[in-house]
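Participant: Sequence:
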Amino acid sequence: MQITRSRILTSFLLLTVLGCSSQEAPEQKQVNLPEVETSEAKDVPQEDLSLDLSKPEATFATFKTNIEAGNWKAGANCLTEDSQASLCGVMIFMSSLTAAFDPDSKKGFEALMKKHGAGPDAESPFPGLEPPAANGDPQNMMRMLGSAIKNKPAFLEDLMGWMSESGGNFDLGKVTDANLEELKIDEDKATAIVVNDDKRNPIEFQRMKDRWKIHLPDELFNMDNMAGDETEMQFGEMQEYDDFDFQYAEPDVIPPMQALTPEEYKNAWQVDVSLDNQPAGELIKKMAEECGFELFEAENFSEAFSKPITLNLQDVSRLQVIEAACEQVGITPRYKLKLLGFKEGKRETPVATNGPFLMLVESLEEYPPYAAGDLKLQLIAAGIPSAVVSSLQEVTDQADSENKTKARWIIDQLTGTGNLNLQIESSGYQMLMPQVSLKHAIIEDSIPLGNLVQTVQQIESIDTQFHYSIPTEIITQTFDKLEKGETIETENFTLTLKQVRINPDAGSNFTVEYTGLSNGQITILGLDAEGNPFESSGGGGFWTGDKGTQNAYFDKAPAKLQVQIVKEFQEFEESLSLSNIPLTEYENMPEEIAKLSFPGEAPVSFKFLELTEENGNMMMQYTITNHSNKDISNFSVNNDYLDADGKKLKDFPHSQSGERNLVPAGETRKFGTMAFFAPEETKSVAINPRDVNFADNTSWEFKK
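If you read the sequence shown in the UniProt record's numbering, its first letter stands for residue 1, the second for the next number, and so on.
Check the hints yourself; a few may be wrong.
What the hints assert, rightly or not - No more than 27 Å apart at the CA atoms, straight line, and that leaves these computed lysine-lysine pairs for BS3-like:
| hint | residue 1 | residue 2 |
| --- | --- | --- |
| 1 | LYS307 | LYS266 |
| 2 | LYS343 | LYS307 |
| 3 | LYS547 | LYS607 |
| 4 | LYS481 | LYS567 |
| 5 | LYS595 | LYS648 |
| 6 | LYS286 | LYS406 |
| 7 | LYS73 | LYS266 |
| 8 | LYS189 | LYS285 |
| 9 | LYS343 | LYS285 |
| 10 | LYS107 | LYS567 |
| 11 | LYS567 | LYS266 |
| 12 | LYS648 | LYS703 |
| 13 | LYS547 | LYS406 |
| 14 | LYS150 | LYS114 |
| 15 | LYS567 | LYS484 |
| 16 | LYS556 | LYS595 |
| 17 | LYS595 | LYS567 |
| 18 | LYS670 | LYS547 |
| 19 | LYS189 | LYS55 |
| 20 | LYS107 | LYS266 |
| 21 | LYS670 | LYS650 |
| 22 | LYS285 | LYS266 |
| 23 | LYS670 | LYS648 |
| 24 | LYS376 | LYS346 |
| 25 | LYS307 | LYS285 |
| 26 | LYS498 | LYS481 |
| 27 | LYS115 | LYS670 |
| 28 | LYS556 | LYS498 |
| 29 | LYS648 | LYS115 |
| 30 | LYS567 | LYS547 |
Said to hold, decoys possible - Here are the simulated distance ranges between beta carbons:
| hint | residue 1 | residue 2 | range |
| --- | --- | --- | --- |
| 31 | ALA557 | GLU348 | 49 to 55 Å |
| 32 | GLU250 | ILE475 | 30 to 36 Å |
| 33 | GLU81 | PRO255 | 41 to 47 Å |
| 34 | PHE608 | LYS481 | 20 to 26 Å |
| 35 | GLU680 | ALA594 | 14 to 20 Å |
| 36 | PRO350 | GLN247 | 54 to 60 Å |
| 37 | ASP412 | ALA686 | 40 to 46 Å |
| 38 | GLN457 | ALA602 | 47 to 53 Å |
| 39 | ASN503 | ASN312 | 58 to 64 Å |
| 40 | LEU438 | ASN179 | 37 to 43 Å |
It is worth saying that the hints were derived from the structure and are not from the lab. Note that the Cβ used here is the ideal one computed from N, Cα and C, for glycine as well.
My request is simple: use the sequences and hints to build the entire structure.
Facilitator: Following this line, the structure appears as structure tokens:
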């Protein structure tokens, strides 16, 4: 089942703002950002003076009231212009993922984008399956994309309607229960804490022309947060956070690729440490600085840092030194982009090291009584040259990828007690979004677990392989003229400028077509008037064999384009394994996974009820009956829109998700969804089920 990450991010933002419950995040595929055109853009909106934004608490009340009512346009008007632009950009980025893999969804999405002045290029709509590169600052890239939308509140309202139809409604919990506490106003800025049940989340406000707007910090739009903790998004739960969790650092702009010999690489990350009865803090700080980390609230751990340690390590990574030093003084290191934090007590789960890499368990959630869970792994490479960081900016879990220059993190085995397989089979793949600095990269992967029955008291083994490469020889070619059709031909390859769009005020984008090269071999840079290179703010492409295209987006118009080509590269493979990770809820799990049973031919049935109107939008009401012996966590269908004579007008996919027991076994539940793309002549809907996912992470697919 394919569900957009847009809903994940929206839910995450609302979780942060309102502290309320949210929804799920299954696996995703990714594609290019849609191209931008402005032929049918809506007019710039007038300020909605009917909204009470007179003070921060009034703005907060207005925002949550409208969001609960489904009035997204009014809710968006409670946000700052920058926050609206960032949110629009993220929605464009994420919604395109689903649209590219579903023809009907794609048509609707393209129509929506065109309506608001940001539609796909007719020559190359959704150029392919290769995910976009988040080079440079992804937050600025998102804001740049969103800036193309003139009427952002109207766009967000329309997009929410499209998402509701294609991906289910939002279960935002009791947002009216969220309260504002600890409000502090400092001239034109304000901060506060949103309290909802036992959840406490920070919020910011900015005053603009005597009206207070909610400001969504850039950290909410970074790729790691978009990926999100799938556990929280899927089951409406928020894990405990502390100050370290809310810290954010801007990713570095990684310089253009540079060739590097394997020996230079090895010498960069390896260190020798010989320490005899010396304070731990000095060594930890030194290793952290060489990895590009700043210590977070080190003063709170001064007692531990002052303890003497003895270490004698040869040819190891700096991360291995940090872990060993912290273990001796009884604290656990924690890693975020550019930050090294700590917590009291030794690490409760094992870690694995190989080369410059450290793998650890970031979180482990268990869901009794469903014999299911979620595991989040963190992989850090630190103390490495920027040339290596550059190769880690895109990571996939696709085991059989033909592109050997792209980084891949593959889970070979994940077993529990008795060698029981805990990994959920998946036919798709996902792109992981590393956070990068000049000296380190942090990669996270959330993995759904099954078969967590009573006898499985621990995760016995997690075996992974990390494949990556470094360029050992690079050549460059330059387009001196930025005109469509310009071609560079060599004996071995050809480069052609297929698309050129230059806008000095709103950025530029280019498409380079290539033959004689494989995907991943080329990088497109901009050159300014003095010939200085600068990186794109994003891009992507597709390929077949030795042919393909590569896109590049720039915040400013380049004078020339430079194409870097990796002529030679060195492949690396690091094996990282963890073992004996304890599970705490096994006693509350079932003795075995129940075999799916139901009368008839299918575990569910659907009944169309009626079409209604809400806030000027067509809504479809329907019920689903769970005939099986298992709770349903999410499902997807295809809706056929019918006219008065029962003739099919068009169809559109729809998915519904929420709590793990969204539809309990043997029960019927009623749902409503916006029929955003239903033709006006629609009088009824035929619901055709596609698949059902159960609470124990098993699934059922309907035969076509």
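Participant: Taking the hints in turn, state whether each one holds.
Facilitator: Hints, verified against the model:
For the proposed pair LYS307 and LYS266, the alpha carbon gap of about 31 Å is over 27 Å, so the pair is violated. Between LYS343 and LYS307 the CA atoms are separated by roughly 16 Å; this keeps the pair inside 27 Å, and the hint holds. Proposed proximity of LYS547 and LYS607 is contradicted: the alpha carbons are some 48 Å apart, above 27 Å. Of the supplied pair hints, the one linking LYS481 and LYS567 holds, its CA atoms being roughly 24 Å apart against a limit of 27 Å.
For the hint linking LYS595 to LYS648, the alpha-carbon distance of about 37 Å lies beyond 27 Å, and the restraint is violated. At roughly 32 Å between alpha-carbon atoms, LYS286 and LYS406 are farther apart than 27 Å, so this suggested pair is violated. Among the hinted pairs, LYS73 with LYS266 is inconsistent with the structure: their alpha-carbon atoms are about 54 Å apart, more than 27 Å. Distance check on the hinted pair: LYS189 and LYS285 sit about 34 Å apart at the alpha-carbon level, beyond 27 Å; violated.
At most 27 Å may separate the alpha-carbon atoms for a hinted pair to count; LYS343 and LYS285 meet this at roughly 16 Å. At most 27 Å may separate the alpha-carbon atoms for a hinted pair to count; LYS107 and LYS567 exceed this at roughly 39 Å. In summary, the hint linking LYS567 to LYS266 is supported, as the alpha carbons are separated by about 21 Å, within the 27 Å threshold. Distance hint between LYS648 and LYS703 is fulfilled; the C-alpha atoms sit about 21 Å from each other, no more than 27 Å.
About 17 Å separates the Cα atoms of LYS547 and LYS406, which keeps this hinted pair within 27 Å; it holds. For the proposed pair LYS150 and LYS114, the alpha carbon gap of about 12 Å is at most 27 Å, so the pair holds. For the given pair, LYS567 sits about 26 Å from LYS484 by alpha-carbon distance, which is consistent with the 27 Å threshold. Among the hinted pairs, LYS556 with LYS595 is inconsistent with the structure: their alpha-carbon atoms are about 58 Å apart, more than 27 Å.
The suggested pairing of LYS595 with LYS567 is violated, with an alpha-carbon distance near 54 Å, which exceeds 27 Å. At most 27 Å may separate the alpha-carbon atoms for a hinted pair to count; LYS670 and LYS547 exceed this at roughly 50 Å. A hinted pair counts as satisfied when its Cα atoms are at most 27 Å apart, and LYS189 with LYS55 qualifies at roughly 11 Å. With a CA separation close to 50 Å, the supplied pair LYS107 and LYS266 exceeds the 27 Å bound.
Simply put, LYS670 and LYS650 have alpha-carbon atoms about 23 Å apart, close enough for the 27 Å limit, and the pair holds. With a C-alpha separation of about 22 Å, the suggested pairing of LYS285 with LYS266 holds against the 27 Å cut-off. Of the supplied pair hints, the one linking LYS670 and LYS648 holds, its CA atoms being roughly 24 Å apart against a limit of 27 Å. For the proposed pair LYS376 and LYS346, the alpha carbon gap of about 19 Å is at most 27 Å, so the pair holds.
Proposed proximity of LYS307 and LYS285 is supported: the alpha carbons are some 14 Å apart, at most 27 Å. For the hint pairing LYS498 with LYS481, the CA-to-CA distance comes to about 13 Å; that is within 27 Å, so the pair holds. Distance hint between LYS115 and LYS670 is unfulfilled; the C-alpha atoms sit about 32 Å from each other, more than 27 Å. Straight-line distance between C-alpha atoms of LYS556 and LYS498 comes to about 19 Å, which keeps the hinted pair within the 27 Å bound.
As the CA atoms of LYS648 and LYS115 are separated by approximately 25 Å, the hinted pair is consistent with the 27 Å bound. For a cut-off of 27 Å, the pair hint linking LYS567 to LYS547 stands: about 16 Å separates their Cα positions. Distance hint check for ALA557 and GLU348: the Cβ-Cβ separation is about 52 Å, which falls inside the suggested range of 49 to 55 Å. For GLU250 paired with ILE475, a C-beta distance near 32 Å keeps the hint of 30 to 36 Å intact.
Between GLU81 and PRO255 the C-beta distance comes to about 32 Å, which lies outside the given range of 41 to 47 Å. A C-beta distance of roughly 58 Å is found between PHE608 and LYS481, which places it outside the suggested range of 20 to 26 Å. Look at GLU680 against ALA594: about 46 Å separates their beta carbons, and that is not inside 14 to 20 Å. With their beta carbons about 26 Å apart, PRO350 and GLN247 fall outside the hinted range of 54 to 60 Å.
Restraint check, ASP412 to ALA686: a C-beta distance of roughly 44 Å satisfies the suggested window 40 to 46 Å. Distance hint check for GLN457 and ALA602: the Cβ-Cβ separation is about 36 Å, which falls outside the suggested range of 47 to 53 Å. For ASN503 and ASN312, the Cβ-Cβ distance of about 59 Å falls inside the hinted range of 58 to 64 Å, so the restraint holds. As the Cβ distance of LEU438 to ASN179 is approximately 42 Å, the hint placing it in 37 to 43 Å holds.
Of the numbered hints listed earlier, those contradicted by the structure are 1, 3, 5, 6, 7, 8, 10, 16, 17, 18, 20, 27, 33, 34, 35, 36 and 38.
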